[in-house]
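Asks: Here are the chains, one letter per residue:
There are 2 protein chains.
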Amino acid sequence: MSEIRKDPASLTWIISATERGKRPTDFKEEEKPQRRLRRTGCPFCAGGEEMKAPLREHAIWPGEQDKKTLIWKTRVLPNKYPALYPDVELSQAQKDTIYHYLSGVGGHEVIVDSPNHDDTLATMSIEQISAILRTYRQRYRFWWTDPRITYLLVYRNYGVEAGASLGHPHSQAMATPIIPHRIYEELEEGRNYYDQNQECVYCRTIQVEKENEPSRKVFENEAMFAFCPFASRFPFEIWILPKDHYSTLEGIPQKKINYLAEALSEVFKKLNEVLGDIAYNMIVHSAPLRTPGLLYYHWHIEVLPRLTMPAGFEWGAGIYINIISPEDAAVALREA
Amino acid sequence: MSEIRKDPASLTWIISATERGKRPTDFKEEEKPQRRLRRTGCPFCAGGEEMKAPLREHAIWPGEQDKKTLIWKTRVLPNKYPALYPDVELSQAQKDTIYHYLSGVGGHEVIVDSPNHDDTLATMSIEQISAILRTYRQRYRFWWTDPRITYLLVYRNYGVEAGASLGHPHSQAMATPIIPHRIYEELEEGRNYYDQNQECVYCRTIQVEKENEPSRKVFENEAMFAFCPFASRFPFEIWILPKDHYSTLEGIPQKKINYLAEALSEVFKKLNEVLGDIAYNMIVHSAPLRTPGLLYYHWHIEVLPRLTMPAGFEWGAGIYINIISPEDAAVALREA
Numbered sequence: 001m002s003e004i005r006k007d008p009a010s011l012t013w014i015i016s017a018t019e020r021g022k023r024p025t026d027f028k029e030e031e032k033p034q035r036r037l038r039r040t041g042c043p044f045c046a047g048g049e050e051m052k053a054p055l056r057e058h059a060i061w062p063g064e065q066d067k068k069t070l071i072w073k074t075r076v077l078p079n080k081y082p083a084l085y086p087d088v089e090l091s092q093a094q095k096d097t098i099y100h101y102l103s104g105v106g107g108h109e110v111i112v113d114s115p116n117h118d119d120t121l122a123t124m125s126i127e128q129i130s131a132i133l134r135t136y137r138q139r140y141r142f143w144w145t146d147p148r149i150t151y152l153l154v155y156r157n158y159g160v161e162a163g164a165s166l167g168h169p170h171s172q173a174m175a176t177p178i179i180p181h182r183i184y185e186e187l188e189e190g191r192n193y194y195d196q197n198q199e200c201v202y203c204r205t206i207q208v209e210k211e212n213e214p215s216r217k218v219f220e221n222e223a224m225f226a227f228c229p230f231a232s233r234f235p236f237e238i239w240i241l242p243k244d245h246y247s248t249l250e251g252i253p254q255k256k257i258n259y260l261a262e263a264l265s266e267v268f269k270k271l272n273e274v275l276g277d278i279a280y281n282m283i284v285h286s287a288p289l290r291t292p293g294l295l296y297y298h299w300h301i302e303v304l305p306r307l308t309m310p311a312g313f314e315w316g317a318g319i320y321i322n323i324i325s326p327e328d329a330a331v332a333l334r335e336a
Numbered sequence: 001m002s003e004i005r006k007d008p009a010s011l012t013w014i015i016s017a018t019e020r021g022k023r024p025t026d027f028k029e030e031e032k033p034q035r036r037l038r039r040t041g042c043p044f045c046a047g048g049e050e051m052k053a054p055l056r057e058h059a060i061w062p063g064e065q066d067k068k069t070l071i072w073k074t075r076v077l078p079n080k081y082p083a084l085y086p087d088v089e090l091s092q093a094q095k096d097t098i099y100h101y102l103s104g105v106g107g108h109e110v111i112v113d114s115p116n117h118d119d120t121l122a123t124m125s126i127e128q129i130s131a132i133l134r135t136y137r138q139r140y141r142f143w144w145t146d147p148r149i150t151y152l153l154v155y156r157n158y159g160v161e162a163g164a165s166l167g168h169p170h171s172q173a174m175a176t177p178i179i180p181h182r183i184y185e186e187l188e189e190g191r192n193y194y195d196q197n198q199e200c201v202y203c204r205t206i207q208v209e210k211e212n213e214p215s216r217k218v219f220e221n222e223a224m225f226a227f228c229p230f231a232s233r234f235p236f237e238i239w240i241l242p243k244d245h246y247s248t249l250e251g252i253p254q255k256k257i258n259y260l261a262e263a264l265s266e267v268f269k270k271l272n273e274v275l276g277d278i279a280y281n282m283i284v285h286s287a288p289l290r291t292p293g294l295l296y297y298h299w300h301i302e303v304l305p306r307l308t309m310p311a312g313f314e315w316g317a318g319i320y321i322n323i324i325s326p327e328d329a330a331v332a333l334r335e336a
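Protein chains in written order, with the numbering used here: chain A, 1 to 336; chain B, 1 to 336.
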């Protein structure tokens, strides 16, 4: 038996086909040494004395530095192979009468998440994760002021199977002149739900998930709630939501940053214990820039482990087949 | 410089970021012997005498057989690990007040595309490809009569990177009680375009692409047109469209099947010559079952080479970064 499920907050449908699947522990991976590759000559490592200076010549943002050692904690660099460019004029037009295009204006940044090559979100201190989150917040605040840019997507590719080409811990930020399709759809569905129910679908989801049996909860603290969503597209998918309603991340106060850092630390420690050092994509979902007070959107973080590969059906249908139910995944993660 | 492009027939946006990229020939792959793995004991190979009988005990459809040798050409088998099940009652309900789900009713079939383990679409005879296409058509006609089923997605995963777990040439067919998200979006956008322009966006695309300079055309014959779409999500993405307007594949006559088989043969020979024996997903996009006469939808086949990996930005934004322009890809493929 399988089940076809719809995500209440988007147009995503998934097929929960657990008979194809394995037990949660079957996903546990062998150590993958390639994630630690290229330590020698890594461009992001804290190196000789000159690297202790907070600002490298080409840094976009120097980042915070440790008050005692003067070594930087995080820094923001331009992507060596950017997909979008900040020094381009925004233009748009029709080509060949039916094709619409925009100039490739935007920003494509690398956030170096730590001076230490071997740090992971499962092993870093909560203070270091807080420094990363403050850097994310700083990038939202930076791009907020650019009228050409409507959206900032902050994300993290970890491991070769997740598309990472460097082993050093890093995140990326892409500033775009359009609202990305996936976010646009979430905004639309969130507004539809709000219009019909006069409440935020994410706020309602937290209420439901707190009481639901079998529970899909993974972790919670005073400010954050982490769970495996009902319509998980991927095995062990986890969403982390703030309990209070805010539509954008950029206004998050330091106290909440600490709670979020703790939630991330716990979530990745649990993933590590159940599955080993797996590849994943982590994505911050925040409302478009300059829209902090939307009643119908709720910022959150999605963690998408890369244990299975989307194939023809997923690409053709836009429906995901998930061979581990979120209920089973949550049990394994809660118990870790 | 890069360019942000929108597909006129869907809500897909892509970033054409060719400065990150390589020349078309840089994608040429080494021979990947794993695609030929597991020849010994392959469950799909034509084997001893008993395998020459057209019907294996558990076949869903016996397929055609060669009149001289009596060996089967194609056959349809149940997927060993189905995502959906035909013998389930269609039911739907709300869970926990916000979660909508359906029972996992449907069909998940394997189409064995040839009795020969080493056949590929680049090496098969046009007659063999025609037999595969007739099998696709037969599955559309079969599922047409099941009122619980609204959509059939026929697709092909080739190579490990495309999600194939078996080396023997095969396609799959998934019958679903919902219209898949990606198709739903194409139908919506196709209807919007039709309402505004009183023409099919795909018919218009063929007209535009025939004359466009620089050309994105890859191949054409009397009935079929193959090109790299303006908003290609992946390097060397190719769409094959029938020149005459039909919304579903199931009514396709034998003569057109021969033209389509020739187009597929040519397209895969060209991909093979430029890139080697690469992994790909191939997907038939046809209107929902029992809707043959839609004026605003045009069935087509999408070929998605698996040369790059979607990562955090693609999953988070739903926007694809493509490092080879379709114009460059088309030149390389036309000249092959």
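Hints listed in this document are in silico derivations from the structure and should not be mistaken for laboratory results. It cannot be assumed that every hint is accurate.
Below, in silico cross-link-like pairs of lysine to aspartate or glutamate (EDC-like), each with a Cα-Cα straight-line distance of 20 angstroms or less [to be verified]: (1) K217/B <-> E211/A; (2) K6/B <-> E89/A; (3) K243/B <-> D96/A; (4) K95/A <-> E189/B; (5) K6/A <-> E211/B; (6) K95/A <-> E327/B; (7) K80/B <-> D96/A; (8) K80/A <-> E3/B; (9) K255/A <-> E273/A; (10) K6/A <-> E3/B; (11) K80/A <-> E19/B; (12) K95/B <-> D328/A; (13) K80/A <-> E314/B; (14) K95/B <-> E3/A; (15) K80/B <-> E185/A; (16) K95/B <-> E211/A; (17) K217/A <-> D96/B; (18) K210/B <-> D96/A; (19) K210/A <-> D96/B; (20) K255/B <-> E222/B; (21) K80/B <-> E3/A; (22) K95/B <-> D26/A; (23) K95/B <-> D96/A; (24) K6/B <-> D328/A; (25) K95/A <-> D7/B; (26) K95/A <-> E213/B; (27) K95/B <-> D244/A; (28) K217/B <-> D7/B; (29) K6/A <-> E89/B; (30) K95/A <-> E199/B; (31) K210/A <-> D195/A; (32) K243/A <-> E211/B; (33) K95/A <-> E314/B; (34) K6/B <-> E211/A; (35) K95/B <-> E189/A; (36) K28/B <-> D328/B; (37) K95/B <-> E89/A; (38) K95/A <-> E3/B; (39) K95/A <-> D328/B.
Predicted model, so just to flag it, every value in this text is computed and none were measured.
Asks: Does each hint hold? Answer for all of them.
Replies: Status of the hints after comparison with the structure:
As the CA atoms of K217/B and E211/A are separated by approximately 56 angstroms, the hinted pair breaks the 20 angstroms bound. Proposed proximity of K6/B and E89/A is supported: the alpha carbons are some 18 angstroms apart, at most 20 angstroms. Between K243/B and D96/A the CA atoms are separated by roughly 19 angstroms; this keeps the pair inside 20 angstroms, and the hint holds. Taken as a hint, the K95/A and E189/B pair is honoured in the structure, with Cα atoms around 19 angstroms apart against an allowance of 20 angstroms.
Proposed proximity of K6/A and E211/B is contradicted: the alpha carbons are some 43 angstroms apart, above 20 angstroms. Distance hint between K95/A and E327/B is fulfilled; the C-alpha atoms sit about 13 angstroms from each other, no more than 20 angstroms. For the given pair, K80/B sits about 47 angstroms from D96/A by alpha-carbon distance, which is inconsistent with the 20 angstroms threshold. With a C-alpha separation of about 18 angstroms, the suggested pairing of K80/A with E3/B holds against the 20 angstroms cut-off.
The suggested pairing of K255/A with E273/A is violated, with an alpha-carbon distance near 27 angstroms, which exceeds 20 angstroms. Restraint check for K6/A and E3/B: not satisfied, since their Cα atoms lie roughly 34 angstroms apart, outside the 20 angstroms limit. Pair hint K80/A plus E19/B holds up; C-alpha atoms about 10 angstroms apart against a cutoff of 20 angstroms. Using a Cα cut-off of 20 angstroms, the hinted pair K95/B and D328/A holds, with the two alpha carbons roughly 17 angstroms apart.
About 18 angstroms separates the Cα atoms of K80/A and E314/B, which keeps this hinted pair within 20 angstroms; it holds. Between K95/B and E3/A the CA atoms are separated by roughly 12 angstroms; this keeps the pair inside 20 angstroms, and the hint holds. Our distance criterion of 20 angstroms between C-alpha atoms is broken by K80/B and E185/A, whose separation comes to about 35 angstroms. A threshold of 20 angstroms between alpha carbons decides the hint, and for K95/B with E211/A the separation of about 13 angstroms falls inside it, so the pair holds.
Proposed proximity of K217/A and D96/B is supported: the alpha carbons are some 14 angstroms apart, at most 20 angstroms. Using a Cα cut-off of 20 angstroms, the hinted pair K210/B and D96/A holds, with the two alpha carbons roughly 11 angstroms apart. Between the alpha carbons of K210/A and D96/B the distance comes to roughly 11 angstroms, so the proposed pair stays at or under 20 angstroms and holds. Among the hinted pairs, K255/B with E222/B is consistent with the structure: their alpha-carbon atoms are about 10 angstroms apart, no more than 20 angstroms.
For the proposed pair K80/B and E3/A, the alpha carbon gap of about 18 angstroms is at most 20 angstroms, so the pair holds. A C-alpha spacing of about 29 angstroms is found between K95/B and D26/A, which places the hinted pair above 20 angstroms, so the restraint is violated. Restraint check for K95/B and D96/A: the C-alpha separation of about 49 angstroms exceeds 20 angstroms, so the hint is violated. Distance check on the hinted pair: K6/B and D328/A sit about 39 angstroms apart at the alpha-carbon level, beyond 20 angstroms; violated.
A distance of roughly 12 angstroms separates the Cα atoms of K95/A and D7/B; the hinted pair therefore holds under the 20 angstroms criterion. Between K95/A and E213/B, the direct Cα distance comes to roughly 11 angstroms. Compliance with the 20 angstroms bound is thereby established for this hinted pair. At most 20 angstroms may separate the alpha-carbon atoms for a hinted pair to count; K95/B and D244/A exceed this at roughly 24 angstroms. Of the supplied pair hints, the one linking K217/B and D7/B holds, its CA atoms being roughly 16 angstroms apart against a limit of 20 angstroms.
Between K6/A and E89/B the alpha-carbon distance is near 18 angstroms, which keeps this suggested pair within the 20 angstroms criterion. Between the alpha carbons of K95/A and E199/B the distance comes to roughly 18 angstroms, so the proposed pair stays at or under 20 angstroms and holds. For the proposed pair K210/A and D195/A, the alpha carbon gap of about 24 angstroms is over 20 angstroms, so the pair is violated. A C-alpha spacing of about 56 angstroms is found between K243/A and E211/B, which places the hinted pair above 20 angstroms, so the restraint is violated.
With a C-alpha separation of about 25 angstroms, the suggested pair K95/A and E314/B falls outside the 20 angstroms cut-off, and the hint is violated. A hinted pair counts as satisfied when its Cα atoms are at most 20 angstroms apart, and K6/B with E211/A does not qualify at roughly 43 angstroms. Between K95/B and E189/A, the direct Cα distance comes to roughly 19 angstroms. Compliance with the 20 angstroms bound is thereby established for this hinted pair. The straight-line distance between the Cα atoms of K28/B and D328/B is roughly 15 angstroms, inside the 20 angstroms bound, and the hint therefore holds.
Proximity of K95/B to E89/A is assessed by CA-CA distance (about 49 angstroms); at most 20 angstroms being required, the pair is judged violated. About 12 angstroms separates the Cα atoms of K95/A and E3/B, which keeps this hinted pair within 20 angstroms; it holds. Restraint check for K95/A and D328/B: the C-alpha separation of about 17 angstroms stays at or below 20 angstroms, so the hint holds.
The structure is inconsistent with the numbered hints 1, 5, 7, 9, 10, 15, 22, 23, 24, 27, 31, 32, 33, 34 and 37, although it conforms to all the rest.
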